[in-house]
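Student: Hey, can you work out the whole structure from these sequences and the hints?
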Amino acid sequence: MAGMYRLRARRWTNVAAIYGFLLLLSIVFMGPFVFAFLSSLKDNPTEWPPSLLVNQLKPSNWAAAFNLAKQGGGNGFTGGFGPHGEIYFEATYWTAQGQEPAPPEVVVARRVQGGAALALRVEHYAADYTEVRDVHQVDQEPHEGGLLTTYGFTLVNTSDLHFDTVPMDLTVPMRQQFVSGTLTPNRIERLGRAQSWDNVSSGLFPYVLANYARVFRENYSVSTGKKLFGLWIRNSFFLAATRVLTTLIFASMAGYVLARLKFWGKGAIFGLLLFSMMVPQQVTFISNYLVLRDGIFGLSRLFGVPTLLNTYGGLIISGLVGASSVFIMKQFFERLPASLEESARIDGASTYTVFFRIMLPLAKPPLGALTILTFQGVWNEFFWPLVVITSPQDKYPLTLGLLTLQRTYGAASFDWGPILAGTFISALPVLILFVVFQQYFVEGISFSGNKE
Amino acid sequence: MRNLSLRRAGEKLAPYVLLAPFLFTLIIFFGYAFVRVVYFSFTNYDLFQQPQWVGLKNYVDIFRDMDFARAMKNSLTFMAVVTTAQTLFALLLALFLNQKVRGMKFFRAAYYMPSVASSVVVTLIFIWFFQRRGVLNFLISKFNEYRNVIVLFLFAAAVLQLLQVGWEKMRKRPVTLMEPAFLFLSLLVSFMLMFAGVRLGFIPTRDVAPADIIWFNTIKTWPSFLGPLSFSVPLGAIMMFNIWTTSPTFMLLYLAGLQDIPRELYEAAAMDGAERWHVFRYIIVPQLKPITFLVVTMGLIGTLQMFDQVAILGAQAPRQSIITLAYYIYTNIFPSSSSPRVGMASAAAIFLALLTFVIVAAQRKVLGSEGDGGHV
Numbered sequence: 001m002a003g004m005y006r007l008r009a010r011r012w013t014n015v016a017a018i019y020g021f022l023l024l025l026s027i028v029f030m031g032p033f034v035f036a037f038l039s040s041l042k043d044n045p046t047e048w049p050p051s052l053l054v055n056q057l058k059p060s061n062w063a064a065a066f067n068l069a070k071q072g073g074g075n076g077f078t079g080g081f082g083p084h085g086e087i088y089f090e091a092t093y094w095t096a097q098g099q100e101p102a103p104p105e106v107v108v109a110r111r112v113q114g115g116a117a118l119a120l121r122v123e124h125y126a127a128d129y130t131e132v133r134d135v136h137q138v139d140q141e142p143h144e145g146g147l148l149t150t151y152g153f154t155l156v157n158t159s160d161l162h163f164d165t166v167p168m169d170l171t172v173p174m175r176q177q178f179v180s181g182t183l184t185p186n187r188i189e190r191l192g193r194a195q196s197w198d199n200v201s202s203g204l205f206p207y208v209l210a211n212y213a214r215v216f217r218e219n220y221s222v223s224t225g226k227k228l229f230g231l232w233i234r235n236s237f238f239l240a241a242t243r244v245l246t247t248l249i250f251a252s253m254a255g256y257v258l259a260r261l262k263f264w265g266k267g268a269i270f271g272l273l274l275f276s277m278m279v280p281q282q283v284t285f286i287s288n289y290l291v292l293r294d295g296i297f298g299l300s301r302l303f304g305v306p307t308l309l310n311t312y313g314g315l316i317i318s319g320l321v322g323a324s325s326v327f328i329m330k331q332f333f334e335r336l337p338a339s340l341e342e343s344a345r346i347d348g349a350s351t352y353t354v355f356f357r358i359m360l361p362l363a364k365p366p367l368g369a370l371t372i373l374t375f376q377g378v379w380n381e382f383f384w385p386l387v388v389i390t391s392p393q394d395k396y397p398l399t400l401g402l403l404t405l406q407r408t409y410g411a412a413s414f415d416w417g418p419i420l421a422g423t424f425i426s427a428l429p430v431l432i433l434f435v436v437f438q439q440y441f442v443e444g445i446s447f448s449g450n451k452e
Numbered sequence: 453m454r455n456l457s458l459r460r461a462g463e464k465l466a467p468y469v470l471l472a473p474f475l476f477t478l479i480i481f482f483g484y485a486f487v488r489v490v491y492f493s494f495t496n497y498d499l500f501q502q503p504q505w506v507g508l509k510n511y512v513d514i515f516r517d518m519d520f521a522r523a524m525k526n527s528l529t530f531m532a533v534v535t536t537a538q539t540l541f542a543l544l545l546a547l548f549l550n551q552k553v554r555g556m557k558f559f560r561a562a563y564y565m566p567s568v569a570s571s572v573v574v575t576l577i578f579i580w581f582f583q584r585r586g587v588l589n590f591l592i593s594k595f596n597e598y599r600n601v602i603v604l605f606l607f608a609a610a611v612l613q614l615l616q617v618g619w620e621k622m623r624k625r626p627v628t629l630m631e632p633a634f635l636f637l638s639l640l641v642s643f644m645l646m647f648a649g650v651r652l653g654f655i656p657t658r659d660v661a662p663a664d665i666i667w668f669n670t671i672k673t674w675p676s677f678l679g680p681l682s683f684s685v686p687l688g689a690i691m692m693f694n695i696w697t698t699s700p701t702f703m704l705l706y707l708a709g710l711q712d713i714p715r716e717l718y719e720a721a722a723m724d725g726a727e728r729w730h731v732f733r734y735i736i737v738p739q740l741k742p743i744t745f746l747v748v749t750m751g752l753i754g755t756l757q758m759f760d761q762v763a764i765l766g767a768q769a770p771r772q773s774i775i776t777l778a779y780y781i782y783t784n785i786f787p788s789s790s791s792p793r794v795g796m797a798s799a800a801a802i803f804l805a806l807l808t809f810v811i812v813a814a815q816r817k818v819l820g821s822e823g824d825g826g827h828v
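Going down the list, the sequences are from chains A and B. Take the first sequence: its letter number 233 is residue 233 in my numbering, and every next letter is one higher. Take the second sequence: its letter number 252 is residue 704 in my numbering, and every next letter is one higher.
Honestly, I wouldn't trust all of these hints.
Below are the DSBU-like pairs computed for lysine-lysine, each with C-alpha atoms no more than 35 angstroms apart in a straight line [stated by the list, open to error]: (1) 364/A to 557/B; (2) 227/A to 70/A; (3) 525/B to 262/A; (4) 262/A to 364/A; (5) 266/A to 741/B; (6) 58/A to 594/B; (7) 525/B to 672/B.
Because the hints were derived from the structure by calculation, they are not lab data.
Tutor: Now the structure itself:
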C-alpha cells in the first residue's frame, strides 16, 4: 500500500518536474517577446530597472483615461476634448514637516509628439483655447512625518473647437513630492518638480496603445504627405496576396508537370531547380537587379514602363513562383495514384483537362500549406525588397517600413516606444496565421529550409 | 485528320505550356543570373560602363581586401558556432519535449513562436533587448547581485539531493542520482531556504554596479584566450539570438523524427537492460541521422547567407565586427560612397556559392547521407 502511494507520488512529482522545465523554457523562448510587448505599451521602454509593471495596464488608469475623456465631451474609448468641455483633475503631493505645500502651476502645453515635422500640421493648439480654473485644495492629512495635500482644478475648453490632444504639465516647488494623480503622469522631470502628461483627454484606447497610435499618426511621407504606416501595411498585404495567387497557380502547374508527365528536358529542369535551391540569393540578385533595372531586356517598355525598379511589377514578376513551392507541389502530385489519371486519359481528356479538372481539385491540402507559407515568406521578406524598392517611402512593404521607423526614432536617441509598437503590429498577421494554422507551419519547415 | 494532329501537337506542347511561368523565373532569375554573375566576376563592371574582361583579377583582389577577409572570418565563425549550437540545442529540446503530458501541443507552439516572425521583427526586438540599459544587462546585473545566493542554492540543492538518494539507497531501493522527483523536491526546498534566507537577511546579496556591457558599438572580441579565433562581441550577440530563434524550428524536425522511431527498438533495448546513455547513443542518434543531415544542411546554408541582422544593425555596430559575406557582396554593389564594384562583388558571390557547395558536400561525407534524407 505504501509502495503504491510512493509510486503515485513519484509520478506526480515527475509530471511537476516536466511542467516546471516546460515553463522555464517558455520563459526563455517567449519571455523576450512578452516582455517586449509589455514594454511597447510603456512611455519609456528602456527604463532602468526594467519593470513588469506597466502604467498603461493599470485598471485605475483605464478608468481615469475613460472618465477624463468623457468629462471633456469626447468619447470615453477614443478620447477628445470637445467644445466647452470641462475636465476635472486632481493631484496629490507630499511635503516634509516645515515645508508649506504650494498648489501646482498648471500649464496646458503647446507641444506635439513626433517632432517639428508634425507640429507644422497642427492648426490649433488646445493650449491656446484652454483655461485652467479653480485650482484649490481638496484635502490635507498628515502622512509619514509630513503632509499629504490634494489639489483639484478644472481644464475648460473655451472654444467651439475639438482637440485630439491636451498635453498638460504640473510644476511644484523643490522638495514637494508628487505622490499620485487622477492619471499617472507619462513623465516626471526636473528632479521630480515637473509632472507631464502627453494627453489628459486621450480616452481609453489611445491611452493604453499610445505608442501604437503614434506609429500611425507620426509618420508622414516626405514626397506625398500621406500617412505612411497604414500604406505600408496595405502594400505588404497587396504583395502577399498577389504572390500567393501566382505561387498557387504556377507552382501547382509546374509541380504537376514535373511529377507526372514525361517530356524532353525534364531531368535538366529538375536538376536546375535543385541547384537553384542551394545557391544563395545574394549571388543571383546582382543580375536580377540589372534585369529589373533594364525592364527585363527592355520588354517592359512595350507597356510604357522604362524600368521595373521601384515597382511592384518588378517584385511580382521576379517572384512569380519559387523553386521550393514547386518542389512541395511535385512531392504531393507524385504520391497520388496513377489510376486517377489513366481513366481520364483513356476517355480522351487532354493534359489541361486532366490537370484542371482532376488533379488540381485534389491538391487542396498542399495548396493550403503553400498559401500560409508563401504569405509568411512574402510578409517577412527583407533582402529583395530592400534591393528593388528604394523610393518613394510610400511604396515600401512593412519590413522596409520598420527599418525606416528604426531610423526615424533612432536618429538622435532611441525612442523605442513606436519602434517596438510598429514591430508588434507587423508581427501580428503572421502570429494570427500561426495560431490558426499551426500544423501547416510545422509541415512547411522541412521544405522551405531556412527562413528568409 | 488535321484536327487530330493539331491536338497531338497541343499535347506535346502541354508540359511546356504548364511549366512556362516557372521556367521563365527559373531561367531568367536563376540560370541566366548565375551565368551572368560568373561572367561579371571576370570583368570590371560598375553598373554603368560596359564591362571589360579582366581575367582573375577580381578573385585576386578580394583575397587582398581586408574587408573580405573579415567577412569570411565572421561568416565562417557564425556558421560553425550557430549550426553546432542550434543542432545540439534542438536535439536536446526535442528529447525533452518528446513526452506524453497534457498541453504539450501548447508548449511546442509557444517555443516555435520566435521562428514565425520576420527577421526584421526579431532583430529589432533583439536590439532593444541588448541595449546598454536593456533587459539583458539588467539580468546580468541581477545575476551578479545574487551570485552568492545562486551558488549557495545549487550547493544546497545538491546536498539535499544526495541526502534523499542516499536515504533511498540505504533502504535498498533502486534510485538514480538524478531522480526527477527528488530533484524537484531538492530544488524547491533549496529555493524556499534561499528565499527565506535573503528575506530575513541571513544571506547577504552583493552590492554591485549595474552591468554596463556594450553589445553593439564595440570592436572587442571574445573569448580572449582564443586569440585570432575569437569573434567580435556584436557578432556574438547576433549568434546568441540567432540560436534562440532557429533552434525551435529544428527542434520540431527532430521531434517528428523521434516519433518515427519504432517502439520495438526501445523495447528491445529495455529487454537487454540498456542504460539511458546507450539507448541515446546506439538507437536515437543513428535513427535520427537523416534528420540531423537535414538540420545541419539547412543550418549551414542558412547561416552562410546571413544578411538581414547585419543590415538592420547597420551603423549601430562597427562594420568590421559584423560584416558577413552576404553583406560584403551587397555593400560592394550599393556602396555608400565609392562607385559600385560589381566585379569584386560577383567574385565574392561565386566564392560564397562554391563555399556553400563544398561545405555541404563535406558535411555529406562526414555525416554519410542517408539517401533521401536531405531534400534541400
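Student: It remains to establish, for every hint, whether it holds in the given structure.
Tutor: Quick rundown of the hints versus the structure:
1. 364/A to 557/B: Since the Cα atoms of residue 364/A and residue 557/B sit roughly 25 angstroms apart, the hinted pair holds (cutoff 35 angstroms).
2. 227/A to 70/A: OK: residue 227/A and residue 70/A at ~28 angstroms, within 35 angstroms.
3. 525/B to 262/A: Violated - the C-alpha atoms of residue 262/A and residue 525/B are around 46 angstroms apart, more than 35 angstroms.
4. 262/A to 364/A: Between residue 262/A and residue 364/A the Cα gap is close to 24 angstroms, so the pair holds against 35 angstroms.
5. 266/A to 741/B: It holds: about 31 angstroms lies between the C-alpha atoms, which stays within 35 angstroms.
6. 58/A to 594/B: OK: residue 58/A and residue 594/B at ~26 angstroms, within 35 angstroms.
7. 525/B to 672/B: Holds - the C-alpha atoms of residue 672/B and residue 525/B are around 15 angstroms apart, at most 35 angstroms.
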